[in-house]
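A.B. asks: I would like the entire structure built from these sequences, with the hints used as guidance.
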Amino acid sequence: MTRIPRCRALILGVAVALSLTACGGGGESADSTANTGGLEKTTIKVGALPIPDSVSLYIANAKGFFKEEGLTVEPVIITGGAVAVPMIESGELDISMTNYVSTFAAVSKGKKIKLVADMYQAAENNFNIMVPKDSPIKTVADLKGKTILVNNLNNIATLAVTTQLKVAGLTAEDVKFAEKPFPEMGNAIAGGQADAGWITEPFITATQSKLGFRKLADTMTGETENLPIAGWMATEEWTQKHPKTLAAYQRAIAKAQELAASDRKEIEARLPDYTKIDAQTASVITLGTYPSELNADRLQKVADLMLEYKYLDKPIDVKSIIVAPPSAG
Amino acid sequence: MNGAPLTRGAIGVAGFLVIGELVVRLWVSRAFDFPAPSVILYEAALLPLDPEFLQGMLVTVGNWGLGLLIAIGVAVPLGVLLGALPPVEQAVRPLVEFLRPIPSVAIIPLAILLIPNNSLMKVSVIVYASLWPILINTLYGMHDVDPLAKESMRTFGFGPLAVLTRVSLPSAAPFVATGVRIAAGIALVLAVSAELVAGGVNGLGVFAVAAGAGNRMDLIMAAALWAGIFGVLANVVLQLAERRLFRWHWLRTGGART
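Protein chains in written order, with numbering that gives the first Met the number 0: chain A, 0 to 328; chain B, 0 to 257.
What the hints contain is simulated information worked out from the structure, not anything from laboratory work.
Be a bit skeptical, because a hint or two may be false.
Across the chosen pairs, the derived CB separations fall in these ranges [unchecked claim]:
| no. | chain 1 | residue 1 | chain 2 | residue 2 | range |
| --- | --- | --- | --- | --- | --- |
| 1 | B | V235 | A | P271 | 32 to 38 Å |
| 2 | A | N153 | B | L98 | 31 to 37 Å |
| 3 | B | V235 | A | T42 | 40 to 46 Å |
| 4 | B | F15 | A | T170 | 47 to 53 Å |
Note that the structure is predicted; figures quoted are calculated from it, not measured.
Glycine residues also receive a C-beta, built at the ideal position from the N, C-alpha and C atoms.
C.D. replies: Given below as C-alpha cells:
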C-alpha cells in the first residue's frame, strides 16, 4: 500500500462524513387532522413533570374538560425545562410545563416562547431550606460559608434562597450552591456532602419524617411571597398556527385550575394516578396554589426579581410574552 | 449443565441479599433513607401487576429490540462490505475510530434537538450505540478468515462471491453473534438512559423518573431490578442461540471447558 492512496482514502472518508451530516434535519410532520369545531389540531402532546404542580392537566383529562373542547391531550412525562424547550421547538411537544425563571431566562436569550396558562404559585412552607436536626445552623445568617443544595443552579432555587440571604444581610457569594436532584438531597445532606438544602414537597415531608430534618426558613416569604412558580408554555410559532386549539386548551386548564384551587380532594385524588405519591402522602404534603388566570402583573414580579438579582441583564415586559385567552369565559 | 454450580450461584445470591439486608437495616438506615433489599424485592414482585409498569416495560423492550435489529441490519452488511474491501475500510476507519469511543449517552441531548419524534429519537440512539460492537466484531470476523481456505476455494476456480458466501461469511458469523450479544447489553443501557434523560409517555426510565419525583427510591430500585432481569435473560437466550448455531466454532475455540 503506497502512501498516496491511503491519504486519498482518508480524505474521501472525511468528505463522506461531512456530506452525511449535512443532509440531516427533518421535515415538519404534517398535522392534517380533520378539524372538529374549527380546531387546527385536535390531538396534542403536553409535557409535564410528574409532580403536584401539573395536576390540572390530569384533572382536565379525568373530568373530560379537554374532551368537551374537542381536544385529545396526551400527557408526556418530561424531566425538566432544559429538555422541554428543545421538545416544543422540535414539535415533539405542543405545549409544556415550564418554570417562570427558566422561561424568562430563555426569552432573554432570544427564545421565541409564549406563556399560555398559569399553573402553580408558591404558598407558605412550600419551598423550604431544610437542615439536619442537630445542625449548628439555627438562622439563615448561619449559612455563611456553608453549602446549600439546590435542584438547579441559576434558577428559582438559588433566586429564592438569595432573597432570604439578603434579609439576613448576606449575598449569594457568602454561600456555596451545589446542584443535586431532589430525591438525593436528603441523603446527601445526611451524609455530610452539604449543610442545607432547598427542598420542596414531597421531599420536605419525607426528610422530616424519615431523616428528622427541620425547617430553617421558608424561602417564599418577603420578596418572594406568593411567587408564581410554574406555567404552561408553547412556541410563538405554535400559538400563531393554532389559536383555536390554544384557546380550547386554555379554557379546559382554567376550569381544572379552578377545581384544584377550590377542592384539595380533587388534587389528592389525581396525584396517585400520575405521580408516585401515594394517597397517604398526598393527604399530608403542603401544596401551593393553583391560579386560574394568567396575570401579567403577578408574573412581572418574577421577572423583576430576576433583574434585581442579576438573573437577567435587561428588564422583560411579561405582557409581551403572554398569550392570554381571547376573552374570559 | 449440572445442578451444583446453580445451587452455589443461588447460595451466593441469597448470601449477598442477607448481607445487604443487614447492612441497610443496621447501619445505612440509621443515617440515610434507603430501602432494604427485602423492600425492593417485595416492590419488584408487585410491579408486574401494575399495568403502567408493564406497558412501560413493553415500550422499553420494544425500542430495545427494534434498535438492535436495525443496528444488525446496518452494521453486519457494512462490516462484511468493509471487511471484503480493504481500501474502503481504510477510508472509513478514521471516522469509525473517532465516533466509536464517544459515550453514546452523551449524544442523547443532541438527538433530542435533532429528532422531533420521541420514539424515533430513542430508537436512533439505541441503533447508534449498538452499531459499533457489531461492526467491529464483524470486521474482526472478516479479518480472521483462514486465508488457506480462501486460497483453496480460489484454486478450485470459485469466484469472489462464492468465496465470500461459502468461506468468509460462515467463518465470521460467530464473531458477529458475539458482537450482537455485546450490543444487546449496550442497547438496554441506552433504551433506559434515553428515557431517563428525555422522559416520555411510557417506559422503564419514564417510570423511574416518576418514581424519583415521588420520592420512591424503592420503586426506582425495583424497576432497575427488572431491567437487570431482562438484561440477563436476553444474554442467556443469545448465548444459547450462539451455542446451538455455532457449535463447531464453540468446540474449536475451547468453549467446551466451561
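A.B. asks: So, for every hint listed, does it hold in this structure?
C.D. replies: Hints and how they fare:
{"no.": "1", "hint": "B:V235 with A:P271: 32 to 38 Å", "verdict": "holds (36 Å)"}
{"no.": "2", "hint": "A:N153 with B:L98: 31 to 37 Å", "verdict": "holds (33 Å)"}
{"no.": "3", "hint": "B:V235 with A:T42: 40 to 46 Å", "verdict": "holds (41 Å)"}
{"no.": "4", "hint": "B:F15 with A:T170: 47 to 53 Å", "verdict": "holds (50 Å)"}
The structure shown violates none of the earlier numbered hints.
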